[in-house]
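A.B. asks: The residues making up each chain are set out below.
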Amino acid sequence: GCNSDASGNSDDGNSNGGSDDGKYKIATVVKLSGVAWFDRMEEGVDKFGEDTGHETFQQGPQQADAAQQVQIIEDLIAQQVDAITVVPFSAEALEPVLKKARDAGIVVISHEADGMENVDFNIEAFNNSDYGKFLMDNLAAAMGEEGEYMTTVGSLTSNSHMEWVQSAHQHQLDNYPNMTAVVTEVETGDDLNTASEKFRETLKAHPDLKGFQGSASTDAPGAALAIEELGLEGQISVVGTSVPSVSGQYIENGSINAITFWDPADAAYAMNTLAVMILDGKKDEIQTGLDLGIKGYDSLTVKDGKYIYGNAYVKVDKDNLDEYNF
Amino acid sequence: MSNPLHVNEDKKQGRFNLNKDFIDKYGDLTLLFFIMISVFAIMAIINPNVFLSQGMMLSIANQFPILGLLTLAMMFAMVSGGIDLSVVSTANLSAIMASIIMVQYIPADASAGVTTLYILLSIVCALLVGCVAGLFNGILVSVVGIPAIIVTLGTMQLYMGIALVLTKGKSIVGLPTIVSEVGAGTLFGIPFPLIIFIMFVIFSYFVLNLRDYGLKLQMTGSNPTASKFSGINVTSITIKAYVISGLLAAVAGLLMTAATNAAKADFGTTYLLQAILVAVMGGVNPYGGRGKVAGVVMAVITMQILSSGLGMLQVSNFFKDFMWGTVLIIVLLANLFYNKKISKLS
Amino acid sequence: MEPLIEMKEISKNFGGVKALENVNLTIYPGEVHCLAGENGCGKSTLIKVLSGVHTPDHGEIFINKKRYKRLHTQESIQEGIQVIYQDFSVFPNLTVKENLAMGYEMSNNKKLVNWKLFEKIAKQALETIDVDIDINEKVENLSVADKQLIAIARSLLFNARLIVMDEPTTALTDKEVQSLFNVISNLKRKGISILFVSHKLEEIFTIAERATILRNGKNVTEQLISELDTNQLIYHMTGREIKETTYESEFNENQKPLLKLKNFGLKYMFADVNLEIYPGDIVGVTGTLGSGRTELAEAIFGIAASDSGTMEINGEEAKIKNPRQAVKRKIVYVPEDRLTKGLILEQSIERNIIISTVENLLKKFRLISDNKVKNSVDYWIKNLGIVAKFPKRNVSVLSGGNQQKVVLSKWLASEPDILILNSPTVGVDIGSKEEIHEVIKEQARKGMGVILISDDIPELKQNCNKIVTMDKGKVISIDHISEYAMSR
Amino acid sequence: MKRILKTNEFYITIVLVLLIFYIGSQNSTFFSINNWFDLIRSGIVPGIFVIGTLLVLISGGIDVSFPAIAAFSMYTTTSIITSLDFDVPVIFAFVIGALIGLFLGFINSIFIAFLKLPTLIVTLGTASIYSGFLLTFIDDGQITRLPEAMTNLSKTRIFEITTDYGTIGIPVVFLITVAIAVLGWFLLKYTMIGRSIYALGGDEVSAERMGISSVKIKVFVYCFVGTLAGIAGVIHTIMTRNSNASDLLGGELLIIAAVVLGGARITGGHGTIYGSLIALLLILIIQNSLILLGIPSYWQRFVIGALILIGTGLSAIQVKRSLEKRNPIMTE
Ligand SMILES: Nc1ncnc2c1ncn2[C@@H]1O[C@H](COP(=O)(O)OP(=O)(O)OP(=O)(O)O)[C@@H](O)[C@H]1O
Ligand SMILES: Nc1ncnc2c1ncn2[C@@H]1O[C@H](COP(=O)(O)OP(=O)(O)OP(=O)(O)O)[C@@H](O)[C@H]1O
Ligand SMILES: [Mg+2]
Ligand SMILES: [Mg+2]
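Protein chains in written order, with this note's numbering: chain A, 1 to 326; chain B, 327 to 672; chain C, 673 to 1160; chain D, 1161 to 1492.
One or more of the hints may lead you astray.
In silico lysine to aspartate or glutamate, EDC-like type, Cα no more than 16 Å apart, as pairs [claimed, not checked]:
#, chain 1, residue 1, chain 2, residue 2
1, C, Lys680, C, Glu894
2, C, Lys1133, C, Glu1106
3, C, Lys741, C, Glu681
4, C, Lys1035, B, Asp538
5, B, Lys554, C, Asp1009
6, A, Lys210, D, Asp1324
7, C, Lys1044, B, Asp538
8, C, Lys1133, C, Asp1151
9, C, Lys1046, B, Asp538
10, C, Lys993, C, Asp979
11, B, Lys554, C, Glu1008
12, A, Lys306, A, Asp120
13, C, Lys932, C, Asp1089
14, C, Lys872, C, Asp1128
15, C, Lys847, C, Asp1143
16, A, Lys99, B, Glu507
17, D, Lys1349, C, Glu791
18, D, Lys1315, A, Glu233
19, B, Lys666, C, Glu1018
20, C, Lys1036, B, Asp538
21, D, Lys1349, C, Glu777
22, B, Lys494, A, Glu185
23, C, Lys738, C, Glu751
24, D, Lys1480, C, Glu812
25, C, Lys737, C, Glu674
26, B, Lys496, A, Glu185
The hints are simulated quantities; they were obtained by calculation from the structure and are not laboratory data.
The shape of chain A in the complex, shown without the other chains (with noise of 0.2 Å):
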């Protein structure tokens, strides 16, 4: 974790409270502190301050709870920073207090928040959708194209995991009709040994299942945890979002055939580069086809003004788990 970091520089940082010298102070609230997917991307938001020398730092509650996250981002508008760029656990929870964020000037970024009002710009590393598609079919490839399988999302209230999972049921309805969801969105409230479980129960319940797609960064290591224990390894396919640090060791033993992701460190840069832009009144600058300078963030998509989406999700298996090293 880079927590440390973050109260280190803090000192010296929050005694400059505006933005006189033309350096921004840009605060990025998460859903959780304390999990390997946003240590990640606080890894980002150190960078990008790194590079650019405003002041960047990343928070988040302790429990998921969407009312702590309300309580932060107060704090934040409290503390006049320049700009907030935010993860929410809720995405309605927020619209108040991003709402009040704005009126006090605030520039505000969200991420995984399709769709949200009260914000700038929301920003996706990719359309939903289309994610959604791509997961599909890379289990249908695991899969041969046929047999039971089941979703599972970290919660009900995360619109961007309910959008794949109901995007690859789609998408498998439409192109793989030997496939049959038994279970679809089931809740992991992002827990690996939740996932697990529920895995378990649902191949008691279904003992013909035979693939299985995450969305949360802890449920395809759950299942795959339940597969390695069972000596099912091969014959169940696992494929989801994760991050390699969490799914690597079954990655390697095969029990997971492919994670998905995108970096969340390039997403929190991304969304501190748009803060910064409109911060430095280049607001209109934003526009489809605009080019971040991020791998996966070189030609955005526009949609309604508001809405961006890059297409910065790769795909890891046993041939390049090596290049990724969180």
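Got chain A; can you put chains B, C and D with the ligands on it based on the hints?
C.D. replies: Just chains B, C and D with the ligands now, kept in the frame of chain A:
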């Protein structure tokens, strides 16, 4: 009287005549007040131009009312000699009731007036749900005779369970915009949530310190048996305490909805332990019988200053936990030695 | 002969209360020594100092010449001192066999439990006082008497050098008392000393050889029982010649009773109680602990409502299901257990006084009127001579007597017709005891009906005009005081 | 014998049996071996927590800090061992974890036994101190590559059977839970310390008079619980094969509920290992059978809440009844 016993008793007390009554009345409060001021001072010194800004004050004022109300709810249960672990569940359940009404029953083309009417209706329902939840707790505690901690542990699950079943775990959204506008609004520059909080602080103060009910409640909390032998209707007193607790929780729930413009079964789960912690800090006796509204108010403000201040220093939220726990233990020890002193005096 | 125990200059204070002041006690091997004195004179406290439960503020203890500034419970046990506590001190959640054997096995510092052995020990312990109780029953399901018997049996297990018995017979029947006395004489023959505490003079004269008498926390005298007669003993205990003053109701009996019980009963507890209380009556109720006196009183007051028979208040039938109804009907009750039932120790003197009348002390919006409260509190403090300089302080700082007066004023403030007192002078110093008696009589003269429950026969003889004797839940006699005096 | 009919253990067992047959009748896979293996598996860590909590409740206290202690020892142990550049046998992991737990438990006992502060409040405070300290000053991340020794242990299983879906077995760490359960049972039933804990919970004053040192016993109890929590933490890491500093937190209340359901009384002095474990099994079955029953998982809390209330309610009424019949003066 001729009895030597009493003579030297008089001497003993005579010596502490002056400070005695003051200590009896305000001793613990002064301690708290001191702590509150020093925390404020520290934060102000560390970073005046941010911490002392109007924005920071507003943010603080916006945040502590919810926890404050939940703590008051906790206080009533604790004073009655029990505890209420179901406050947050109750809050969410009530909020969800209100939201369901607002989302499902308000006709799309409703005029502002009609909408307001529905909103009032939903608020009433929410408060009712809170009271019923409290009533159920109270009956299980004082009629069936299950220990309060177990009862409310169960109802905590039960109420959240009901909320989950009602919402299938999803959060209810799409509330009329007025709700969040009011929630974020101010009256004479005072944030709306704070106004509500002040209202119920006054309410609680009256109930606990001024009305005969409050006296009986505290007596019951100290020693239910003796209270029964003094002709107090312990059962109804206790039940009422939990109903009030439920009511205050419901209000907190409504404020949460106003702040988030949504209702969900597991909003604010982190508040539960905080509420107990703040209550104890505020001088509520965990064994029952004692509790001062003023103490609770100071404690919750202290904690909010601490938390917002630490946020300003960009420390991780985990460090806040650490600080909260530390402060609680410090207060416990302070009270301990303070009480030792008192008993020495007598 | 060398003394076994010597306690010298022992002093002990509890908050405001001086329980012991420079008390001396000497016990020789193989003697039955009686510790006598009125309620609250410090007997139990002295015993608890000897057993290491209380640390003396001052003084020293010699056991076989070995000097202790303070004893720890373990040391005391190791020195062969066993105590039968007044409150039995048993474990309700454990079985009889465990209650009996555990302490013994511990003193042999066993680390493991051998249940077979436990049973053997338990059985043998119960045999020594030949009673039979199911050793596998949990103690919480036993009667008071059985608990006391267990406390006794437990103490006999140890090869003790001194067994202290703090009012060991309060709950026992004559038969059980007899077998206890047999046990005592056996112990004596074995050279084991007994320290015997009791209020029952006949017991003292049957069993004890020497007596140390305390009054008000101080030594009065130490004498051979043979050199004492009843009156001297009472004189030493009370400091007064027992003046044969008796109380007579000044009301004539041909008016209707305040309270009338017909075949009044409560399942398992008491039955067929017929009793009439007239204005001016002070009716004494006595009997062993566990005779159902408390249950009767508590049934009248509605703590555990009676389930058979009828009750008439001022001629009209009444059902009282809870204390509140009782208080409404102007019946009030001073429980025997002042510290846990009579007072709310963690609350102020003031609050304890006004609690039952707070409804009358309100101003508008039902707010409590500080003035009215102050007036009422001041009135009662003055009227009953309660010594409480700071009414806002916890009632627990008061001495036993003043505490009891607080309980009284709580009820007198509600102007009752019927006042029931259960052992009101237990743990109360002589001065206050007198005053409390005076208050009671004064109220009766004003036309109140009083029921006075007590073990203390002299107390009853001096303050009651009728005396009811109960046994095993039945009223066995109701005597006018004059007859009662003769019948005993 | 009528004494047995009076106990909670009896009722809870009945309920359990009924529930088992109901679920089984709805979905026969419930009776399949691997379902039971899964139940056992999910009970390994909670099982240890339950034993510790039982001791605390019997002694008349309550402890909500054990998940924090577990998380603390778990994470610190793992990072210590990973930081060593040489391999150590897995036993070290348990020793270190246990020691850390012991230490944190001892801190609790300072406030509870020596300063006589209220147990619930103290452990609330220390809980947030422990987890706050861990996540702030040590690390808030997760260790996903466990040391060799630990990973290997997590792959060792007993009773391996190959069924139509995969070879199933029980993680070997289950034996630790069993051992601890047996130890706890023996401690409570056959040692003086164990009985002293009951005595203390039953009547502290009498216990002191009998020469039991309440301070010593309390220190023992809270240290014991801490140690168990430490071990449980290490087991959790091994089983999930990654060490997440913010795992486990928040599980305390359900554990306490299980123990009370099993017949322990919050007022102290009562409770048995058997009852607590049965009650835990009951809760686990409910948690793990909803999918089998085709009940959406959002019913789970409701069911568990209701169960707690009904279970404890019944026994509360029991107690009331027996109190009324208490020490009769007359025989009728
Ligand atoms: N723990 C205590 N705290 C405060 N006061 C106490 C305590 N124990 C005893 N006292 C007081 O000390 C005095 C002596 O009490 P003690 O029990 O020794 O009297 P006693 O001679 O045993 O009376 P009894 O014959 O009723 O048993 C009483 O006034 C009692 O109220
Ligand atoms: N089961 C019990 N275990 C321990 N103490 C008890 C028990 N039952 C009663 N006591 C105590 O003994 C006292 C007397 O018990 P009980 O009411 O049965 O007899 P009683 O006839 O009222 O005798 P007394 O009025 O002298 O107490 C009670 O007030 C209570 O303090
Ligand atoms: Mg005594
Ligand atoms: Mg009695």
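A.B. asks: If a hint holds in the structure, say so; if it does not, say that too.
C.D. replies: Right, here's what the structure says about each hint:
no.	hint	in the structure
1	C/Lys680 to C/Glu894	14 Å, holds
2	C/Lys1133 to C/Glu1106	14 Å, holds
3	C/Lys741 to C/Glu681	11 Å, holds
4	C/Lys1035 to B/Asp538	10 Å, holds
5	B/Lys554 to C/Asp1009	13 Å, holds
6	A/Lys210 to D/Asp1324	13 Å, holds
7	C/Lys1044 to B/Asp538	13 Å, holds
8	C/Lys1133 to C/Asp1151	11 Å, holds
9	C/Lys1046 to B/Asp538	15 Å, holds
10	C/Lys993 to C/Asp979	10 Å, holds
11	B/Lys554 to C/Glu1008	14 Å, holds
12	A/Lys306 to A/Asp120	7 Å, holds
13	C/Lys932 to C/Asp1089	13 Å, holds
14	C/Lys872 to C/Asp1128	8 Å, holds
15	C/Lys847 to C/Asp1143	14 Å, holds
16	A/Lys99 to B/Glu507	10 Å, holds
17	D/Lys1349 to C/Glu791	15 Å, holds
18	D/Lys1315 to A/Glu233	14 Å, holds
19	B/Lys666 to C/Glu1018	15 Å, holds
20	C/Lys1036 to B/Asp538	12 Å, holds
21	D/Lys1349 to C/Glu777	15 Å, holds
22	B/Lys494 to A/Glu185	12 Å, holds
23	C/Lys738 to C/Glu751	10 Å, holds
24	D/Lys1480 to C/Glu812	13 Å, holds
25	C/Lys737 to C/Glu674	9 Å, holds
26	B/Lys496 to A/Glu185	12 Å, holds
Consistency with the previously given hints is maintained throughout, with no hint failing.
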